[in-house]
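Residue numbers (this note's numbering), protein chains in the order written: chain A, 1 to 161; chain B, 162 to 937.
These are computed hints drawn from the structure, not numbers from a lab.
Treat the hints loosely; a few may be bogus.
Said to hold, decoys possible - Derived pair list, reagent style PhoX-like, types lysine-lysine, alpha-carbon separation capped at 20 Å: (1) B:LYS568 to B:LYS476; (2) A:LYS22 to B:LYS294; (3) B:LYS602 to B:LYS645; (4) A:LYS91 to B:LYS185; (5) A:LYS117 to A:LYS82; (6) B:LYS384 to B:LYS442.
To be verified - So the derived list for chain B, only partly shown, Cβ under 10 Å to chain A, looks like this: (7) ARG186; (8) ASN189; (9) ALA194; (10) THR201; (11) PRO261; (12) ILE415; (13) TYR418; (14) GLN828; (15) ASP859; (16) MET868; (17) LEU912.
Glycine residues also receive a C-beta, built at the ideal position from the N, C-alpha and C atoms.
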Amino acid sequence: MEKRLITLNVNGIDYELYINPKTLLVEAIRDHIGLTGTKRGCDTVSCGACTVMIDDMSVKSCSILAVQAEGKKITTVEGLEKNGELSPIQKAFLDNGSYQCGFCTPGMLMSASAFLKENEGKDVTEEEIREGIEGNICRCTGYNSIVRAIESVVKGNYKEG
Amino acid sequence: MSTEIKELKFTTFKTNIKYSVINKRVHNIDGLAKVTGRATYTFDVKLPNMLYGKILRSPHPHARIVNIDASKALAMPGVIAVATGKDTPGVKQGIWRRYPELCDEQILPLEKVRYIGEPVAAVAAVTEEIAEKALELIDVEYEVLPPVFQPLDAIRKDAPIIHEGVERNINVTRHIEWGDVDDAFAEAEKDGYIREDWFRTSSQHHMCMETRAAVSSFTPDGKLTVYCSTQSPYYMQALLAGVLDMREGDIRVIAHYVGGGFGGKFELDAAIFCSAVLSKKTFRPVKIVFTREEDFIASKRRTPMHYYIRTAMKKDGTFLAREVRVFTNGGAYTGMGATALYLTGFFCSFPYKWRGYRYDGYRVYTNTLPSTAMRGFGAPQAMFCSEQQIEWMCADLGLDPYEVRRKNAHTECYEVPGQAYIQSCGMTQCIDKIEAWAKSKGNLGPNRAIGVSAAGFMSGGIFNWFDTPYSFSSAVVVINYDGKVDLYVGCQEIGQGSNTTMAIICAETLGVKIEDINVYSGDTAHSPADLGAWGSRQTLMAGNAVKMAAEDAKRQLLEFAYAEMGLNIVYDLDIKDRWVHVIARPERGMKYEDLVKRAIRGKDGQRIIGRGYYTPHRKGMISPAYSYMMQAVDAEIDPETGKITLHEVMTAHDCGQPINPLGLIGQLEGAASMALGFGYLEDQPMDEGKILNPNLVDYKVIRATEMPKTDMIEIDTYEAEGPYGAKEAGEGLTNPTAAALGNAIFHALGLQMKELPITSEKIVNALKEKKEKQGK
Ligand code: FES
Ligand code: FES
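Looking at chain A on its own, in the form it has when it is part of the complex:
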């Protein structure tokens, strides 16, 4: 298939890529742009390790083509931190020990961030938090520390910036 020139906006920066149109977004991010924070854990869109945010929605980046993300605002784990300052959810993950091996963590953080965006200012239940990260597998933590971290951000224990 003929290669194409596309522009992807990742973490606020435009990247021009000359790629096969069948390239998955996760491949574009990892292999072409070189942002390896985003992981892959399966070939069946089942694990969530590749989760990024597209226009504030969580998307499994192995489930769409890079060309489908053109013109959209893509955020990866590298985009959560601003000038060395961690985002509230990153701080909450640290305080709650919400990671072990860390391989699911970037995807988990992106699902959590999208969940927090979507529910900003709303009351959420623990059940809703769990549903918010249901698409992400973590083999290490048993999820509860992750749920606690998200809860603590919902409660406003962490202020942006």
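Got chain A; can you put chain B with the ligands on it based on the hints?
Chain B with the ligands only, in chain A's frame:
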């Protein structure tokens, strides 16, 4: 007869020492890298001029390799090399190096394949896609041989032979015995109670989020660097040296971040081996990453077992004797499965005192994916069978299962005859706490109940089947002019938090802050040899080495402080929170930073270097120390659908002195999720040796929505053999859960579930059967 050890007079008291760093909530020292995407796993490694490798795998469970023709693949543009067994020194390797007959696995075999998915050739190409396509162009001619899949079939006289010369496919046998078993059974025949049951435990896959991955780089000077996802860089270095016919010292193994291990990543795997072989052929770096499917079908799994237990007790619930026979499905090769065979036999006696105990274990070769270590290392299988049977026996006799467990439980300073010396033991306290908790819950309503299980685990194995000439753990502490500390350890961080635990122990010992410590691990170029992360060994063994190294460095510092301060020699000095002081008069002292500067000047400018090491001696056959626990699972089962809803998992846990409390909670919760999966979800069903669910759609693991609430009650004990009284925490927590779930189902529905995983379907069928029986 149970023997109380007379000469051992340690008590499991709780020390009143106030720690500055130990048992405080701290961020993991590699947390920042992990929450920002900076952590670089083998999966992320990219080297200049790198090639990509792919592995061709056997479609047959048992076949002779007649010929491999790779010429078409080699002719494909972009393909740089193809490797088969002929390109290797052809060494059969294994992790039980003391026993050559158990070193039975040739990755890229020359003669035979023994399971579906076994590697037969590997391709290196300029892209992964080309390598993948090239696999289709390799012609392998097989002579298909009759296979055998089940251990009980494989031990028959007429079964196909999987390894030449291994009669009845019996790979390893294990016998453990103490006391007078027959006498005790005879007593029970007369005036006691005997029960026997058969169980079957299933396979479970480690399912690490990072699949097997390696990047190997061989250079013309004969040196090899391997980045890999491993639990033991030292093992990989030593094993690679063996199979590549190289000097250990010419191989550097790097594993900075590892995306999960759980027992699956401390044998040499095909990603590591094939990438190294291809790199040797091409003099270019070669990267191999298993797909999820490859990981499921061709990286080893938890050992499935057929379990027979016969148990005798007095009518009042005093345990008399137990006889256990186990056949494990070993799959095609030995690996660490031999150790699982041993440990399951020992832990089936746990955590109780028996007048007589006899275990016979048989590990049987079959034409299936080899089985190996997985978190709990044979003990979860043992507990599933043992703890359910005990519960049923109590019900049969109308006895209180808490009382019965308490009556027979290990206690401190107990010797398991000829096997183990137990020093600290909080088992009875664990039982008390869980009993109180369960009773406080009252009546939970229909189809819902709390099931419990006791368990324990080792804090590292004392055996040296690997035949290392080095200490089991070592550490080097270097103090710099500014007082900051570099800590070099060979213990391996795989997410369990060992880097943080070692930093805590080092900081506590030296009397500095955790921020003062830089930990260097995961690289054989600078990390001293250490057996790595398995068998729950690191906190105790590497922790002792770190403590010793820090004490060595501290002693050198304090020599200068004594001289400097001109003290009466009866006074003791210590360092705490960077303050060097007279213990009796803490206000008298000097700053740690100042002392370091003077000491380094006094040593002619040398940095202060402390060394530590640990190898267990005279600690029985298994481990220097044991954790204890009791766990309760509150589960509700829908009798129509068999669906299990998990409400809560509560654990009372004795791990000695907790070192890193946040890490401990994480271990508890993670173990619970994995062990619940073992209990009711995870399995690798096969058809003629072919795994039917090699993907994450069909292989179910627990998701956030299914995970119950978890909590823990810590039982304070002090383990004399552990650093600061610490022992195992994390792996052992996988042991009780499936049994506790089984017992919950027993109490909720009256079902005795003898086969793992306890799926909804099995529950529905069992209920149907029960109804039919009642109807008759
Ligand atoms: S990689 Fe598993 S869902 Fe995308
Ligand atoms: S932290 Fe290891 S998979 Fe989530």
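Broken hints, numbered, in rising order?
-> The structure conflicts with hints 3, 11, 12, 17, although it agrees with all the remaining ones.
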